[in-house]
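Asker: Residues per chain are reported as follows:
There are 2 protein chains.
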Amino acid sequence: MQDFNFYAPTQVVFGKNSESKVGELVKKYGGTKVLLHFGGQSAIKSGLLAEVEANLKAAGVDFVKLGGVVPNPRVSKVREGIDICKREGIDFLLAVGGGSVIDSCKAISAGRYFEGDVWDLYLKKARATKYMPIGCILTIPAAGSEMSDGSVITNEEGWLKKDYCVNEFRCKFAIMNPERTYSLPAWQTACGVTDIMMHTMERYFSKDDDMEVTDSIAESVLRTAKSQVIKVLANPTDYNSRAQIMWAGSLAHNDLTGCGTSGDWATHNLEHELSGMFDVSHGAGLAALWGSWARYTRNENISRFVRFAVNVMGVEQDFHSAEETAEAGIKAMEAFYHSIGMPTSIKELIGRDITNAEIAEMADKCSNYGQNTVGCLKKLSREDMVNIYKMAR
Amino acid sequence: MQDFNFYAPTQVVFGKNSESKVGELVKKYGGTKVLLHFGGQSAIKSGLLAEVEANLKAAGVDFVKLGGVVPNPRVSKVREGIDICKREGIDFLLAVGGGSVIDSCKAISAGRYFEGDVWDLYLKKARATKYMPIGCILTIPAAGSEMSDGSVITNEEGWLKKDYCVNEFRCKFAIMNPERTYSLPAWQTACGVTDIMMHTMERYFSKDDDMEVTDSIAESVLRTAKSQVIKVLANPTDYNSRAQIMWAGSLAHNDLTGCGTSGDWATHNLEHELSGMFDVSHGAGLAALWGSWARYTRNENISRFVRFAVNVMGVEQDFHSAEETAEAGIKAMEAFYHSIGMPTSIKELIGRDITNAEIAEMADKCSNYGQNTVGCLKKLSREDMVNIYKMAR
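From first to last, the protein sequence lines are chains G and D. Per numbering that gives the first Met the number 0, the first sequence runs over residues 0 to 392. Per numbering that gives the first Met the number 0, the second sequence runs over residues 0 to 392.
Be aware that one or more of the hints could be misleading.
When chains are identical, the list treats them as one kind, so a pair holds in a single copy or across two.
Unchecked claim - In silico DSSO-like links for lysine-lysine, alpha-carbon gap of 27 Å or less:
{"id": "1", "residue 1": "K27", "residue 2": "K124"}
{"id": "2", "residue 1": "K27", "residue 2": "K123"}
{"id": "3", "residue 1": "K206", "residue 2": "K15"}
{"id": "4", "residue 1": "K377", "residue 2": "K15"}
{"id": "5", "residue 1": "K20", "residue 2": "K389"}
{"id": "6", "residue 1": "K123", "residue 2": "K377"}
{"id": "7", "residue 1": "K206", "residue 2": "K230"}
{"id": "8", "residue 1": "K64", "residue 2": "K364"}
{"id": "9", "residue 1": "K124", "residue 2": "K161"}
{"id": "10", "residue 1": "K389", "residue 2": "K364"}
{"id": "11", "residue 1": "K206", "residue 2": "K129"}
{"id": "12", "residue 1": "K26", "residue 2": "K171"}
{"id": "13", "residue 1": "K26", "residue 2": "K346"}
{"id": "14", "residue 1": "K206", "residue 2": "K26"}
{"id": "15", "residue 1": "K230", "residue 2": "K378"}
{"id": "16", "residue 1": "K206", "residue 2": "K225"}
{"id": "17", "residue 1": "K206", "residue 2": "K377"}
{"id": "18", "residue 1": "K225", "residue 2": "K364"}
{"id": "19", "residue 1": "K377", "residue 2": "K56"}
{"id": "20", "residue 1": "K364", "residue 2": "K346"}
{"id": "21", "residue 1": "K346", "residue 2": "K378"}
{"id": "22", "residue 1": "K225", "residue 2": "K15"}
{"id": "23", "residue 1": "K389", "residue 2": "K171"}
{"id": "24", "residue 1": "K26", "residue 2": "K129"}
{"id": "25", "residue 1": "K27", "residue 2": "K171"}
{"id": "26", "residue 1": "K171", "residue 2": "K20"}
Keep in mind the hints are simulated off the structure, nothing from the lab.
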């Protein structure tokens, strides 16, 4: 097993009516003037934004609103947020939404005191030294950004999608009320669960076979997400199942499922190029690629794929053939993706055949023109990336 | 499921040679002058204390030493620590040891700025309003105090054992090097694992059957602790197994295994009287009582005991009889306790028959002379306590 750090300082306030504590929590963590950051119309239509505003006012917390964050959040919106924070003397960032809104807040947090352009941080040209505190009211369980140290931002110039990770990005508090996820459409629910499971699987499919407690917890998170999404798609207002998924989403990405193992993250890297180029949902992009990645790499640690097949997918083990069992597990996962409406190929994802030129461009970007590899179970070269994209086409 | 708060801000630094970061971590969390708190001779003999002293010196951190903490840590030692902190201008508490040393640090933390006597806090007569920061180097995986909000202290006058819980008790950092647990004797290793499992079981045996992700994670922690202790007892320097147990110990008591469920804690309460009266090891006391508590309460939620039997103890389910399956699970747990050298009765624990007068005295104290109940799965009256102690005699 690997040495590890585990740091999950976010105060999670989970349950019915938990939004009513937002003003009190902002003040507890030192906020006096808040940037209230959100996405589209759903936060307004559901009445959540009005509730939050009233709660902040009652707590004597001043705020400025900035909506319009889109999926694959844009650096242009981040720059707008930074300008507002400087101009208005904002001292606390409050995200109301899902991972895109939280990630946008994180970028604003890093850019607020940084002298250069915030995008340079995501290009790893520099590190920020001072950050603004962030809190969130989560409405979409998926990205796990509410407890993670990471933020992924898209630059419209060139459609580059890049991440920046730092412990200062961990939210001070995360308010989670499963009822607020009742209105999520089936497609978005399924994309979210795919992302949740993938955050766990990226950590699970490692070369380190010897962290039993972590592996077993990862399997618990995977089995829960898999079983509960079926219930939620059948009954969108099933509180307990919505709650399981919501909490699983945080546990999948607060590093708990990676303690002592070295994560892979190749599928995420390959997908970032896909959603960067086609602006598709991240979760759906992951589903479209995973099976091909798994078949391409499974012999690097076949026993891990057998374990996944048996302990997560409930496949009956073929004791004569690890390969057969592993393949049955991958097939079962693809059947599960289809059962919740997810694609398992790029064609299903984007609705047409992808061209060789597009694949070449994605592989170029993902490998930084052949200079970098991605993944850990198997270090993927540019050629490997092309092969996997072609398998997934 | 229940609403819940989850707050685990402790920075965990886990792995080989992690002690070498202690000076840096103390400074990171604002310490300039440390009370270096420890137990008996083992920290000195192992060389750990000298290493820590050298590391603090190299980091320019001043310190004062206070050793002599005993299992079931005493309030007299806590008062001594408080006096030193006041006299010497200490601003950071560093525990080197197991749960007793950390709990003693926590009591010092609460008592340092409190105007009255620290014991009044444990008697719940008052709440402290200011606390000292605490860090720890864990050498005994058992109590889970390194990530918990609780502290249990024993008052030699009347041998009362009381707890005090507050989020300010959560350590700023916890350094965990599994190699430092190699020298733990078999008995202490087994007592520790019993405590770890019991922290999980107290949360698991609830009336709330509907937090699948939490229950499944709890079962992961239980299965891991159970399987790895067998390996460690056979090979005390098995790094991976020692590491599993060490990390399981933190996860068992940082509230992760109780998110959304209401804990029971009756066995802990019943045991506190036992170790308060006989000064026995807490873990062994828990093992001596658990089977009797389980048989006394199992019909309050028989399906939970069936699930435990099947998912944790690997018992084959008798589909005709939940009672038979539940009983087989309890018997399997008792057999496991015996296999690691733990007692399953008070006689095995204290080496003689306990008297009715002693049982009456424990039940009096545990129920505050009939005024309080303990437990949640079944609220135990004074009479119930007497019945369970008698079943366990």
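Asker: Failing hints, ascending?
Answerer: Of the numbered hints given earlier, those the structure breaks are 5, 8, 11, 13, 14, 15, 18, 19, 23, listed in rising order.
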